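One letter stands for each residue in the lines below.
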Amino acid sequence: MADEKLYDPKALADLKEAEAKWSGGPVKKTLERFPEQKKDYKLTSGVEIKRLYTPLDVADEDYLGDLGFPGEYPFTRGVQPTMYRGRFWTMRQYAGFGSAEETNARFKYLLEHGQTGLSVAFDLPTQIGYDSDHPLAEGEVGKVGVAIDSLEDLETLFAGIPLDKVSTSMTINAPAAILLAMYQAVGEKQGVPGKALNGTVQNDILKEYAARGTYIFPPKPSMRLVTDIFAYCAKEMPEWNTISISGYHIREAGATAVQEVAFTLANGIAYVQAAIGAGLDVDSFGPRLSFFFNSHLDFLEEVAKFRAARRLWARIMKERFKAKNPRSWMLRFHTQTAGVTLTAQQPDNNIVRVAWQALAAVLGGTQSLHTNSRDEALALPSEDSVRIALRTQQLIAHESGAADTIDPLGGSYYIEGLTDRIEQEAARYIEKIDGMGGAPAAIERGYVQAEIQDSAYRYQLEVESGDRVIVGVNKFQVEEKELAGLLRIDPEVAARQTERLARLKARRDGAAVTASLQALERTARGKDNLLPAIYECVKAYATLGEVSDVLRKVFGEYRGSTAL
Amino acid sequence: MSEETKIRVLVAKPGLDGHDRGAKVIARALRDAGMEVIYTGLRQTPEQIAEAALQEDVDVVGLSSLSGAHRHLFPRVVEALRAKGLGDVIVVGGGIIPAEDVPDLKRAGVAELFGPGTPTTAVAEFIRREVAGRRAAG
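Chains A and B, in that order, give the protein sequences. Quick note: the first sequence uses my numbering, first residue 1, plus one each step. Quick note: the second sequence uses my numbering, first residue 565, plus one each step.
In short, the hints are calculated from the structure, not lab data. The structure displayed is predicted, hence computed values, not measured ones. Watch out, some of these pointers could steer you wrong.
Said to hold, decoys possible - Derived DEER-like restraints, expressed as beta-carbon distance ranges: (1) 556/A to 620/B: 44 to 52 Å; (2) 436/A to 620/B: 49 to 57 Å; (3) 34/A to 681/B: 28 to 36 Å; (4) 135/A to 681/B: 42 to 50 Å; (5) 28/A to 600/B: 45 to 53 Å; (6) 700/B to 478/A: 34 to 42 Å; (7) 300/A to 681/B: 19 to 27 Å; (8) 600/B to 464/A: 46 to 54 Å; (9) 556/A to 668/B: 51 to 59 Å; (10) 569/B to 394/A: 56 to 64 Å; (11) 681/B to 436/A: 45 to 53 Å; (12) 620/B to 135/A: 19 to 27 Å; (13) 318/A to 681/B: 42 to 50 Å.
The beta carbon of each residue, even a glycine, is placed where N, CA and C say it ideally should be.
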């Protein structure tokens with residue numbers, strides 16, 4: 001497609017000659033007197049960073065084929081035709097701790113301060129399908145999120161929050177079907193039909209095995225739960241994002257930017273294949289797939305990463321899976337700033353780190369954003385810290401000007417060159433994973449985990465050798481003062497939650513609960529969609545633990561690896 | 565250090581927390597520092613950790629928790645070790661642990677807590693010193 005090249009070959013030849021002169025002349029002379037600060041300039045992905053990027057680095061680019069226009073294939077420049085000029089990204093702070101009442105109050109606080117979507121953090125027992133009175137829940141109830149044992153708790157969580165007016169993201173994976181059914185039931189009680197519910201369940205089990213750890217069931221029945229949600233929502237909750245295919249935790253566990261894109265999209269491919277295998281048409285669920293990425297320290301690499309991921313997914317959906325609906329090609333994503341980059345030392349510095357990570361997400365075209373709070377290397381965030389984090393997004397939206405034009409870094413020789421490079425490197429990884437039989441097989445044999453662990457260890461060694469400077473940690477240290485006003489979780493929350501659960505069990509219709517759980521067991525042993533049966537259970541106030549136990553009984557439990 | 569006297573460390577994840585980047589990085593660093601390291605994997609109860617410590621005959625148990633359950637779980641592990649007659653095993657911990665929790669955990673028998681940003685070399689040095697002290701005393 002030489003005729004579509006943006007640069008005249010003669011001009012490029014002249015440029016090449018001029019660049020050689022510059023390198024051999026002024027640069028060489030300067031280097032002789034003033035050597036550069038680092039011996040190697042490299043991205044986290046190991047890709048070498050050149051001293052300077054010029055049109056030579058993007059000479060092969062075909063503008064219409066590789067970049068196109070916002071809202072059009074391959075969506076490199078964004079998924080909507082007007083991007084933030086039409087509407088800013090959704091400002092969505094992940095929140096949840098203690099009881100449903102406490103978290104309900106935090107949600108209202110955030111909405112009052114201009115947050116535009118909710119994001120529920122559940123405690124670990126909830127995420128792993130245990131009620132608050134389970135022995136393994138001891139010490140964990142209400143700690144990293146809110147404790148939800150039954151529909152009653154979810155009713156309390158959304159009391160006074162009309163579900164047709166907010167969109168709600170729920171970070172829930174192994175028991176995603178149960179929480180989704182509860183949310184639909186809360187909607188019904190508020191008079192909001194499933195068709196009017198907006199939000200997301202994370203529902204990404206593959207990354208739980210690879211990086212995050214809140215799995216319950218073995219891969220096969222877990223994939224059935226995932227695709228049952230796809231099929232159920234296509235009919236009952238058509239506006240719902242049925243999955244948030246997450247690179248965030250893969251990155252937090254140590255992956256590089258390239259690995260984050262590669263392993264996330266490889267998981268995405270596995271879900272699409274599983275759904276097609278279950279008899280679904282790719283365009284029936286493709287438009288409801290959503291993604292979740294990390295925004296890490298290397299500002300420009302991150303901007304390029306988001307663009308590369310968007311283009312690569314569009315190509316996979318269109319070319320590999322033959323999706324016809326343009327909405328199936330779009331990679332829509334949520335971003336969270338990198339928790340792992342927050343330091344316990346000089347925590348106020350984290351405000352600055354978060355600000356540029358958030359800006360990278362915006363320049364990368366994110367659809368929604370969570371900004372971390374400065375104190376999260378020490379505890380769950382305090383109200384003051386959360387407000388600063390939310391304000392950071394509002395400052396970027398309203399004061400920085402970054403949202404006034406679409407993809408403002410598009411066309412930068414460096415960004416475009418890097419976007420190409422990240423896409424190529426990620427595609428190479430995906431090819432390798434395909435060769436192993438796809439993401440589930442690659443995870444099963446520990447390949448993905450080993451790749452992530454190697455990167456994490458390399459990163460740590462760079463910090464310890466001082467090659468990677470972390471301000472306040474291995475350079476510019478001070479005597480640390482204790483940060484005041486950290487959030488403490490009320491130690492009584494577990495006892496209160498257990499009492500509430502006992503009262504519920506005494507009050508509910510026990511026969512209806514038993515019947516619904518038995519019906520679920522029959523469904524689980526067969527092939528029908530699990531969601532309608534789960535919906536009946538939660539409406540009868542069967543608990544999360546009871547429903548999970550039925551599925552544990554039928555499906556068995558997954559045991560994690562102890563490999564180092 | 566000869567094969568016989570190699571320090572043996574059990575790196576364990578008590579509770580339901582799935583964040584194991586730190587645990588695995590520490591495990592690998594201690595291994596590179598010449599120690600024998602065993603990793604329990606996720607979701608271990610205090611009793612399971614104590615049992616593994618017994619089976620593996622370790623000098624040190626390293627606990628990691630980022631979920632806020634450390635106040636509850638770390639002392640339980642110390643108790644479970646003592647119940648098995650392993651009161652001389654050195655217990656250290658790391659994760660998201662506010663400074664104000666450290667004195668209570670030390671009173672409960674945790675020898676040292678290592679917060680975010682600690683160089684792995686500092687952990688290895690601490691372990692070497694403590695184990696040498698206990699071996700000399702024992």
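The hints, checked one at a time:
A hinted range of 44 to 52 Å for the beta carbons of residue 556/A and residue 620/B is inconsistent with their spacing of about 27 Å. Between residue 436/A and residue 620/B, the C-beta spacing of about 32 Å breaks the proposed range 49 to 57 Å. Checked against the given bound of 28 to 36 Å, the beta carbons of residue 34/A and residue 681/B, roughly 32 Å apart, stay inside it. The beta-carbon spacing between residue 135/A and residue 681/B, approximately 34 Å, falls outside the hinted interval of 42 to 50 Å.
With their beta carbons about 52 Å apart, residue 28/A and residue 600/B fall inside the hinted range of 45 to 53 Å. The given range of 34 to 42 Å is respected by residue 700/B and residue 478/A, whose C-beta atoms sit roughly 37 Å from each other. A beta carbon spacing of about 25 Å between residue 300/A and residue 681/B agrees with the range 19 to 27 Å that was offered as a hint. The hinted range of 46 to 54 Å is not satisfied by residue 600/B and residue 464/A, whose Cβ atoms lie roughly 22 Å apart.
Evaluation of the 51 to 59 Å hint for residue 556/A and residue 668/B yields a failure: the beta carbon distance comes to about 39 Å. Restraint check, residue 569/B to residue 394/A: a C-beta distance of roughly 59 Å satisfies the suggested window 56 to 64 Å. One distance hint, 45 to 53 Å for the beta-carbon pair residue 681/B and residue 436/A, is violated here, with the actual separation near 36 Å. Separation of residue 620/B from residue 135/A is about 24 Å and conforms to the stated range, judged on CB atoms against 19 to 27 Å.
A hinted range of 42 to 50 Å for the beta carbons of residue 318/A and residue 681/B is consistent with their spacing of about 45 Å.
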